[in-house]
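Colleague: Letter by letter, the chains look like this.
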Amino acid sequence: MPSLAEVGQLVVNGVMAGTILAVPAIGLTAIYAVLRFPNFALASHATIGAFAGYVANAKLGLPLLPSVAMAFVVAGGVGVVSDETVLKRFRPAGYVTTAIASIALTIALENVLRFIFGNELRGYDLPIQRDFRIGAIRVGPQQLDNLAIAGVAMAALFGFLAFTRTGKAMRAVADNPMLAAIKGIDADTIARVVNFVGMGLAGLGGMLIGLDTTIDPLTGFRSILSVFAAAVVGGLGSIPGALVGALTVGVGEELCLLFLSPDYRSAVGFVAILLVLTLRPRGILGQRAF
Amino acid sequence: MPQTPREPRRRFLASAGALALGGLAPALVRAQGEALQLGVLTPLTGAGGFDGPRMAKAMQAVIDEVNGNGGLLGRKIVLVVEDGQTNPEAAVRAARKLIDVTKVPAIMGTWASAVTSAVAPLCWESKTFLTTVSGADSITKLPHQGYLIRTQPNNHLQAGKHAEFIASMGVKRCFMMSIQAPFAQPTQSRATEVLKEKGSQMVGTLIYDKDKTTYRSEVDQALRANPDLIYLNGYAPDVTILLRDLYRAGYGGKRFAQSYAVTTKVLDSLPHEVTEGVITVQPSADVTSPAYELAKKRLGVAEPDSYETQATDWASLVSLAIAKAKTPTGTGIRDSVRSICQGSGQKVYSAVEGLKLLAQGKDINYEGASGPCDFTEIGDITDCKFRYNKVENGKFVLLKVA
Amino acid sequence: MENYLIAMCVSAGIYALMALGVNVVWGFAGMVNLGLVGFFAVGAYASALLTIKAHWAIAGGMAAATIVAALVGAVVALITVRLRGDYLAIVTLGFAETIRIVASNAIWLTNGTDGLSGIPGPGRGTLSPEMFNLVYLAIVGVIVAIAYVMNERLRASPFGRVLRAIRDDEQVAAVAGKHVTLFKVKAFAISSAALGLAGALYAHYTSYIAPDIFVPLLTLYIKLALLAGGLGNDRGAIVGAFAVVFLLESTRFVIPYVPGITPVQGAAIREFLIAAFLLVMLRYKPTGLVPEQPTRLPVPPAPRYQPTA
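Chains as they are written, first to last, in the numbering used here: chain A, -1 to 288; chain B, 121 to 522; chain C, 247 to 555.
Treat the hints as calculated values from the structure; they're not laboratory data.
Any given hint could turn out to be false.
Unchecked claim - Calculated pairs, DSS-like style, for lysine-lysine (alpha carbon to alpha carbon, straight line, at most 30 Å): (1) Lys316(B) / Lys510(B); (2) Lys299(C) / Lys247(B); (3) Lys57(A) / Lys515(B); (4) Lys416(B) / Lys196(B); (5) Lys520(B) / Lys510(B); (6) Lys417(B) / Lys196(B); (7) Lys515(B) / Lys374(B); (8) Lys417(B) / Lys57(A); (9) Lys374(B) / Lys292(B); (10) Lys374(B) / Lys505(B); (11) Lys57(A) / Lys416(B); (12) Lys57(A) / Lys510(B); (13) Lys196(B) / Lys374(B); (14) Lys247(B) / Lys515(B); (15) Lys177(B) / Lys416(B); (16) Lys57(A) / Lys177(B); (17) Lys57(A) / Lys330(B); (18) Lys261(B) / Lys299(C); (19) Lys385(B) / Lys57(A); (20) Lys177(B) / Lys417(B); (21) Lys510(B) / Lys247(B); (22) Lys86(A) / Lys166(A).
To be verified - Facing chain B, from chain A, some residues (calculated, C-beta under 8 Å): (23) Asn11; (24) Ile18; (25) Asn117; (26) Glu118; (27) Gly121; (28) Pro125; (29) Arg128; (30) Asp129; (31) Arg136; (32) Gly138; (33) Thr187; (34) Ile207; (35) Thr212; (36) Asp214; (37) Ser221; (38) Ser264.
By construction, the Cβ of each residue, glycine as well, lies at the ideal position given by its N, Cα and C atoms.
Work out the full structure: start from the sequences and follow the hints.
Modeller: Structure representation (structure tokens):
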């Protein structure tokens, strides 16, 4: 019988893993809310963010926060360019074609990184801190940093959507594209903004993942299925949903260790998807954007 | 109406045809040239992408040396590198190309056990020689008619020797964390057995999933068993995460890993305090192995890891076997490989040295950078010592060879 | 060289069979199955296990693989039938990954990540490798031809017409009294049957299967084959499958001519080229290499809804 502390530790670990997943998942769901297709290119943009942060931190010697900002900006910028030059042209052909084009795009970008950086594993030039204990529960200061960064990024996004003109316009497009067009909101501008923000978040998430794992051309790819699981469980297109979904998947994957051997962990995300979608075909929070 | 869509189709087919001719024709011309072509099939993309390039580089270094000393059978050697993509389906297509188009006598470098098992039947059916690092015990038991050798010690040999070493360090409680791979189960059971014989104990094992961002809960599970050594039986990407998570958890005991999972590059990517004291293991010939020293110089690497040394040995063994057979065929390599790497001939430690002696009509016995390179009937190495390094301040320090 | 080309034709033929199968659910019924490699895996494992462990004849194994995959397809369809398109895509993707994880861990049955080797092939060992290849090409060719004819007949049948009606507007089909769920489940089962048979063909051809083979990349190739060939079009599916294999293979021969690159950079260029060509193919052939032909005389299109002035 697992002790309460053990379960508590698993929940804490799950929340930490989930928060990291939440950042790219929110990016994914934001893009989906406005452009209406699951953008698999998120994987390579997360990797681009991890590498941008790496260049800023390990090569240029910048500290953590400016490196994180760099990850956001570079991935966001690449996101806008890759959408303008590639994915935008596929959108009239429907969401399936666009989604599949985004897979091809992500392979192309991954290999641009591979060409430049090679496959070697890299790491940030940041010290690693020991965990501390609160009672019987072990907590990592770095995970708390990640939690804070993720939290601030999400809060900033909410603020942006709630209080700025562009943010409101984005919500309008997400809720009702037709009506938004009639109101004279420029869909192209909104698409660029949402790509910048969405892929920027993917890049930021990629850097956070890189902090815990390794930086190589597959950094984003390794986590993409969990990110998708998070967004789908929460309800594709719903930003709070992505957060809820990421926490559900994160905690679910950890708690399953009580019953299953760790090598089944990846399957849990998908079982969670099936369970949630069987009960709620549009995810926990449905698809309303906000 | 049907006219418009047909036009682009024709254009597509025409350009596709042009691409085909442009691509294939020169390849045919090249095949008739002077150079002796050998196949390399390492993973350059996918999960094995971290290890494949190092192996390709190590083989190229040996071949460059041979070419610089007059080549092989009077011909220059060219390595034709294909990407196995760490995917059996893609690797089979790549192997087909090497076998049927480039017509190589040998393919060197398959990494994942699944890729080796998929490619091996093509090799023995077409009489092409295959060299691999794949660890799954099943591989050498395939009906390969001698067309396969493996320089990686099999699980039984490795796990047994590693466990002996671990027990000899006075470790009483060992825990093994393995990535989900064919070597996980057999290594666990053999190590458990030997630890017990030697008065130590395996206090627990777990198999973890690859591609996770953190292994905190797995680490917790391991620490609950209160081990004084944790054997991290995985690859570089996941072992890196495990080392970090173990450090964060405040684990102060010993950590033990394969040299290919904790390489010089991995040490560079992690803070020194995280890797301090990690013990790595790789097969080796002896403490003062001239072949290992030569590999260091050739590669410009302080401590070549297990994959780099094995790749060094493949290129050397295949070159020497071709020279001995006097003909660049897979069957020639198969029939002569054991006559250049084992027996009573004069010991040699590099391909160039061996080629010189062979040219003088002498018998040789190649002793490799990854071990003595003596093979059983089924292509496994008969025995080898292991080189144990310890990480101190971000650098490897030799612990012992046993 | 010939042997290589024949082998690639076998690969392309297996891809074509998969593309034909997927066409039934995607092209005809408009359902997106991103987990097709999972059904391919089910077929491959079913036939391999039955022929190795139960010593069935190869033909028996293949037939069983077809049926088992169809059943699994029906079950998956029943679970997912209520889901909207993009959710279905992700759930099926998850299904395929779950199959792979189970195949990796259920060692007692599938031999885990070690894989199953020594799967028998028709005449393997007695025929020369070249002859074996040719015989197998003939087998695959015949099966693809049969699948093609069946798909074409299915398309023209009332069943196929209902599927396309569901694709174009599910509600209209339901209002017209069609049991939409039943049709979808049947379509999924037919499609999965073809995928399972393709898996069995693959297993008996290469003699070895392992979980690592059944990765999402293969799904992508088939989807791209179908899109490139023209979704819903059976000739296009076959042409597209050959085009994709051609693309995968031809890029190999280009890389040696790029000077001054490391092997990793060569591999990166190759994968980049494949992805870029696929994008170009998709972009400039929105209707595919072979556009969908109407099966009956075109009916004058219903006037679109126009807002009254």
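Colleague: Checking each numbered hint in turn, tell me which of them this model violates, lowest number first.
Modeller: Going through the list in order, the structure violates hints 13, 14, 21 and 33 and respects the others.
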